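I would like the entire structure built from these sequences, with the hints used as guidance.
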Amino acid sequence: MEQAGPTVEEMNAIVEEFNQANPNVKVMIDYVAYDALHDKITTALASTPPAYDVFLVDDIWFAEFADKGYLLDITDRVPAGTKEGIFTAAWEVSEVAGTVYGMPWLLDQKYFFYNEDILTQAGFSTPPKTWEELIEQSKVIKEKGIVEYPIVWSWGQYEAAICDWVTLLFGNGGTLVDDQGNPSFNNEIGVKTLDWMLQTIDDGITNPASVSYVEEDVRNVFSQGQAAFALNWNYMYDLANNQADQSQITGKVKVALMPAFAEGGMDSATIDGSMGIGIAATSPNADAAWGYVEYLTSKDVQDRYSAHMLPVWETSFEGESGEKLASTSPVTEVMVPMFQEQFPYSHVRPKVPFYPEASKALQLALQKALTKQASSADALNEAAATWTELMK
Amino acid sequence: MTLRRREAIVGLLFVLPALLIILGIVLQPIISTFYLSFFDASLSKTKANVFIGLENYLDLLSDDAFWATIWRTVYFTVVSVGLELLIGISIAQLISSRPPGWKFLRIALILPWAIPTIVNGTMWRWIYNADYGAMNALLLQLGLIEKYRPWLISPKMAMNLVILADVWHSMPFIALILQAAMATLPPELEEAAAVDGASAWQRFARVRLPLLRGAILVALVIRTVEAFRVFDIIYVITAGGPAFGTVTISYLTYLETFTFGHIGRGAALSFLISAFTLAMALIYIRFLYRPEDRAL
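Read top to bottom, the protein sequences are chains B and H.
Reading the first sequence from the start, the letters are residues 1 to 392 in the numbering used here.
Reading the second sequence from the start, the letters are residues 1001 to 1296 in the numbering used here.
Don't read these hints as lab results, they were simulated from the structure.
Everything numeric in this text was worked out from a predicted model, so none of it was measured.
Beta carbons: idealized from backbone N, C-alpha and C, even for Gly.
Where hints are given, some of them may not hold.
Only part of the chain H face toward chain B is listed, based on derived beta-carbon distances under 10 Å [stated by the list, open to error]:
| no. | residue |
| --- | --- |
| 1 | LYS1047 |
| 2 | PRO1099 |
| 3 | LEU1152 |
Here's what the structure looks like:
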């Protein structure tokens, strides 16, 4: 998976370490693009025995996979020390109604990236704290002709669009669902937020191609110096700021707290994109699989492979351990404090078994509004109706 | 037992393994998919499938989104196969007139066809990219656009661009079939027409084209059925976006079956696709097939 987590090389190294240390277990790993992973898992798990013993589970799939009986209940396998050492917020991702269905694997959220060089040229010494301020800065950047479109997003018809939408919606004081789980995004705040997105396209502030983009497109455009601002996961920092073969703006990339709408009265809001690792409920090798999962999520492995993924262990961030983590690499130096600053503002998407279908309906609504096939209100109402229908 | 009957039994034994394999990998899935299409079935391990009769079919047939998808698929099929036929015939005609370099042209023609669809889709996704795509660079250098513009952000435009990518990929198939068919035509007929004073266009339209009808029929049936079931090129270039503007019937089936996990509904969709393709093949045969084409 490219847009979050360790690189393939890092992952191969981790697996190799495990295979060396455990000669009686042989782990073979397959890589699948994120947008194909869900469908790959649901088909692989439908067979008996399952095609995979261990698999990566995104935050939004836990409820569905638990409901479908794909995931092994590991509540009793997790040692007390592990339970306490890992962030509570990380357990919230892999727990469904009090049962633990997976080990937390990576903690991620969307970060706000900016190109310091462009801001300096435009005469700004600090990044925007609010979306209103971002518009002001963008107008100056555009007027001075530094870049054509100051900000690029991942608003394509994928889960990526939901992530950006949730970030903006929560930053405006909105929510996806209310306390009873009923859709609440189709209210005044939701409409206002979606209209704001549309307005930034019309004003030439948002790169219009955003409507067809995913995270990797955002990274490419930003890394070519064609955007002043971009939202992306943790992984972009290293690739855009440190890897000269991937980026033309190395050394100019800065990360700041995600803006919110001044109007909404929030300090910041972003989307939680954490993931866990699950074991197939019908796996004939459950014990060996658990050993492997424990190894992958151990503090030792997580601390050492932290260049593109921050550890799920709260203890990794505390005291001496925290200082050591921050000084592991030029990446952790920036991203560890940034993570701690941003994480309290991170929102998880609803944990519902019908999430893929509800999400697709919402993606369609966003796309209809952003391509002007429907008004924001009509599009969101339609998605909310589908969501309500799915709850039955 | 007569010798003939013994031979027949031995012959049957010889083909039996192949027959079993064909039954196993072709017929069995078709039957079980058909069976599944009458159930409210999911990929869940905890819920049993519930028999619901024709409900999957009736739901789909009364759903506006389903018909919108069908019309979108018909648009894709008609435009892309139409363009492929038009360009395919022109190129076949060009090659058979043996211009300088025609052998090279014939080989070069195979290249797009030889590229796997997924690779072709990825290539076009890059070509169409708004910020670093080759299409923007080309159009800008030709002076056709003043600045880079995004291509895949309107549903109509996205559909037409997916069609362009498909035409580029599949047109050579039609061109090669027709070129091969043209090579077998007896030159005497056109020579005789020329002697009778027929113009070049008349020789092509009145003599050559009718003789090619059988080959055109074969190419059309194959390409129409393929185009109607288009999936991979859309999955890669647009994933059905923007705003479902490029969701075709196969893509909808994929979403229902694998993303949403409604495999009963997905099975019903698969059978509706089969019904539509069969209907189209019958229409072609009814209007294009003539008894004298039986050789094909």
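Hint-by-hint comparison with the structure:
1. LYS1047: holds, 8 Å
2. PRO1099: violated, 40 Å
3. LEU1152: Result: holds, 4 Å to nearest chain B Cβ.
Checked against the numbered hints above, the structure violates only hint 2.
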